[in-house]
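Peer 1: First to last, the protein sequences are chains A and B. Quick note on numbering: our numbering labels position 14 of the first sequence as 14, and the sequence is numbered without any gaps. With the second sequence counted from 1, adding 394 to any position gets you our numbering.
Note that these hints are calculated values from the structure, not bench results. Where hints are given, some of them may not hold.
Said to hold, decoys possible - Subject to a maximum C-alpha distance of 27 Å in a straight line, what follows is the list of computed DSSO-like cross-link-like pairs (lysine-lysine):
1) Lys-238(A) - Lys-119(A)
2) Lys-122(A) - Lys-183(A)
3) Lys-503(B) - Lys-296(A)
4) Lys-510(B) - Lys-335(A)
5) Lys-323(A) - Lys-419(B)
6) Lys-119(A) - Lys-255(A)
7) Lys-411(B) - Lys-329(A)
8) Lys-269(A) - Lys-314(A)
9) Lys-411(B) - Lys-397(B)
10) Lys-183(A) - Lys-323(A)
11) Lys-269(A) - Lys-255(A)
12) Lys-74(A) - Lys-13(A)
13) Lys-323(A) - Lys-13(A)
14) Lys-397(B) - Lys-419(B)
15) Lys-329(A) - Lys-510(B)
16) Lys-119(A) - Lys-419(B)
17) Lys-183(A) - Lys-510(B)
18) Lys-329(A) - Lys-397(B)
19) Lys-503(B) - Lys-471(B)
20) Lys-269(A) - Lys-397(B)
21) Lys-510(B) - Lys-471(B)
22) Lys-508(B) - Lys-478(B)
23) Lys-478(B) - Lys-255(A)
24) Lys-503(B) - Lys-269(A)
25) Lys-269(A) - Lys-419(B)
26) Lys-398(B) - Lys-510(B)
Here is what each chain is made of, one letter per residue.
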Amino acid sequence: MGFSRTYEEINEKIKTGRVVVLTAEEIIPMVEEKGVEAVAREVDVVTTATFGPMCSTGAFLNFGHSDPPIKMTKVWLNDVPAYTGIAAVDAYIGATELSESAGFEYGGAHVIEDLISGKPVKLRATAYGTDCYPRREIETYITKDTINQAYLFNPRNAYQNYSVAVNSSDRIIYTYMGTLLPKLGNATYCSAGQLSPLLNDPYYRTIGIGTRIFLGGAQGYVAWEGTQHSPSVSRNEKGIPVGGAGTLALIGDLKQMDRRFIRAAIFHKYGVSMYVGVGIPIPILDEEMVRFVSVKDEDIQAPIVDYGVGRRSKPTYGTVSYKELRSGKIIIDGKVVPTAPLSSLAKAREIAETLKTWIREGKFFVQQPVQPLPAEQLTKPLEIREKDEFPINI
Amino acid sequence: MAKKRIVLTFPPSLVEKPLTYRLVKDFDLAINILHARIVPRESGRLVIELSNSSEENIDAGIRYLEEQGVNVEPLSKEIRWDEKECINCGACTAVCHSDALRMNPETWKLEFDKDKCIVCEMCVPACPLRIISVTF
Ligand code: SF4
Ligand code: SF4
């Protein structure tokens, strides 16, 4: 048995200010220099982070009751529709929903950013009116301070690895992976690589339901596995998935967030999305965790996918490592293709540093997951079926 | 060293004339081609930077071009990048062919080299934060 430590021991050290925290980038040269065992003894926590566009983001809001009260059936925030098919004054504003007046230039992500910034947001709602909720329409202004709850609940964030996008067709295309130039004119990629949370804990030993995290500048939690969580994809010899794999559903208090770490985005001719900052501390429980967090860009591969083909299964051009992607150019079929990132490594570093400071200053404690994420599972496609194709018809 | 950045638009009849050659030979101008779109039998567009020790030589070269029927306009448009709003994602660098926008390989922050910019405007819609604009 090698060295090991518990969550309780780490939190005790955080309380007394003796905790040793490094970022997932800083740990790499340290492991090379001192070896796995020495680092396991010396370091308690490693911080990881990412700051990328995450469409599956949104916020639950409770507006409070007006007089006379209304049971809202349709809701708009700055002209962006929100979903209100839940209780009378509860709604969910999704990041990608578009404004009915400004279209692509303003969406749910902008509403969320405006709320975080403390700006007044116009609330409009209609209703059919009931005996207990007689009001049929309302128009007013809210801010994050005038409403009861405002919390982000993001069904899918922090993808464990992702594809590299290229375009083999002969026209320019506009995608959620940015502007892709014709005839393999460029390649875009979207992961913090060696700093990315789930790439530093590839089998979800410490990241699970209940893990305390940094979300958009506030403390939040992992709420559930993310949608399309798909841990059973193929992995390389280091256990790193080659392409999109695990995902996380995240929750956190919008009122505590900071626009420095969460921003609305517009992908030209595609739609609105949201850059979300996520930071996750990895407790160094034993030597195996040191091996996991010492993962390097050269150990992480991503498939090169042709977005020029508008089908579910897109052709690929093999794989490439993040080290090659970060060099600024890759070679595809003998052609030199310039690369560009979409997720911000500079911001991810800022988040990993911020989380490190929080832990060192005793403001953030590590939380053991209450339940692990599924370890085996694949994403199902959606097929077009007839009802009578199913064996049992009830 | 005097420098001028100009946009040339010339009709199909002039596309095959060796105009730039004459600028070098007769006016002793150094030419830096920033952007070219020239298709035989169609009108062409060329963005160039002319330099010479004297501004008069440059102006003489420009007059010569105008006499040949080329429309000459100063490259007065400029790209504005709102640096303090930038999240350093890098999406704009995917479409910048002139290397004016590039990520610093150490800090991974965006750097903008105005001198390399040919004002092709590709980066304007490519920025997801809408913080790159063109000014006149
Ligand atoms: S306009 Fe934008 S994309 Fe075009 S050269 Fe200038 S910086 Fe690069
Ligand atoms: S795309 Fe916009 S936000 Fe991103 S690095 Fe370029 S200027 Fe900054």
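Peer 1: Just to be careful, I want the Cα atoms of Lys-510(B) and Lys-471(B) compared with a cutoff of 27 Å; is the pair within it?
Peer 2: holds, 14 Å
Peer 1: Just to be careful, I want the Cα atoms of Lys-411(B) and Lys-329(A) compared with a cutoff of 27 Å; is the pair within it?
Peer 2: violated, 37 Å
Peer 1: CA of Lys-397(B) to CA of Lys-419(B), is that 27 Å or under?
Peer 2: Given pair Lys-397(B), Lys-419(B) holds - Cα atoms ~17 Å apart, limit 27 Å.
Peer 1: Decide if the proposed pair is consistent with the structure: Lys-119(A) and Lys-255(A), CA atoms, cutoff 27 Å inclusive.
Peer 2: holds, 12 Å
Peer 1: Do the alpha carbons of Lys-323(A) and Lys-13(A) lie within 27 Å of each other, as the hint requires?
Peer 2: With a Cα-Cα distance of about 35 Å, the restraint between Lys-323(A) and Lys-13(A) is violated, given a limit of 27 Å.
Peer 1: Going straight from one Cα to the other, do Lys-238(A) and Lys-119(A) come out at no more than 27 Å?
Peer 2: violated, 47 Å
Peer 1: Given the proposed pairing of Lys-329(A) with Lys-510(B), does the C-alpha separation stay at or below 27 Å?
Peer 2: holds, 20 Å
Peer 1: Does the alpha-carbon distance linking Lys-510(B) and Lys-335(A) stay inside the 27 Å limit?
Peer 2: Holds. Lys-510(B) to Lys-335(A) sits at ~24 Å (cutoff 27 Å).
Peer 1: Is it true that the CA of Lys-74(A) sits at most 27 Å from the CA of Lys-13(A)?
Peer 2: This hinted pair is violated, its Cα atoms lying about 50 Å apart.
Peer 1: Taking only the CA atoms, is the gap from Lys-269(A) to Lys-419(B) under or equal to 27 Å?
Peer 2: Violated, at roughly 47 Å.
Peer 1: Take a quick look at whether Lys-119(A) and Lys-419(B) sit within 27 Å of each other, Cα to Cα.
Peer 2: Roughly 62 Å separates the two Cα atoms, so the pair is violated.
Peer 1: Within 27 Å, alpha carbon to alpha carbon, are Lys-183(A) and Lys-323(A)?
Peer 2: Holds - the C-alpha atoms of Lys-323(A) and Lys-183(A) are around 23 Å apart, at most 27 Å.
Checked against the numbered hints given earlier, the structure breaks hints 1, 2, 5, 7, 11, 12, 13, 16, 18, 20 and 25 and satisfies all the rest.
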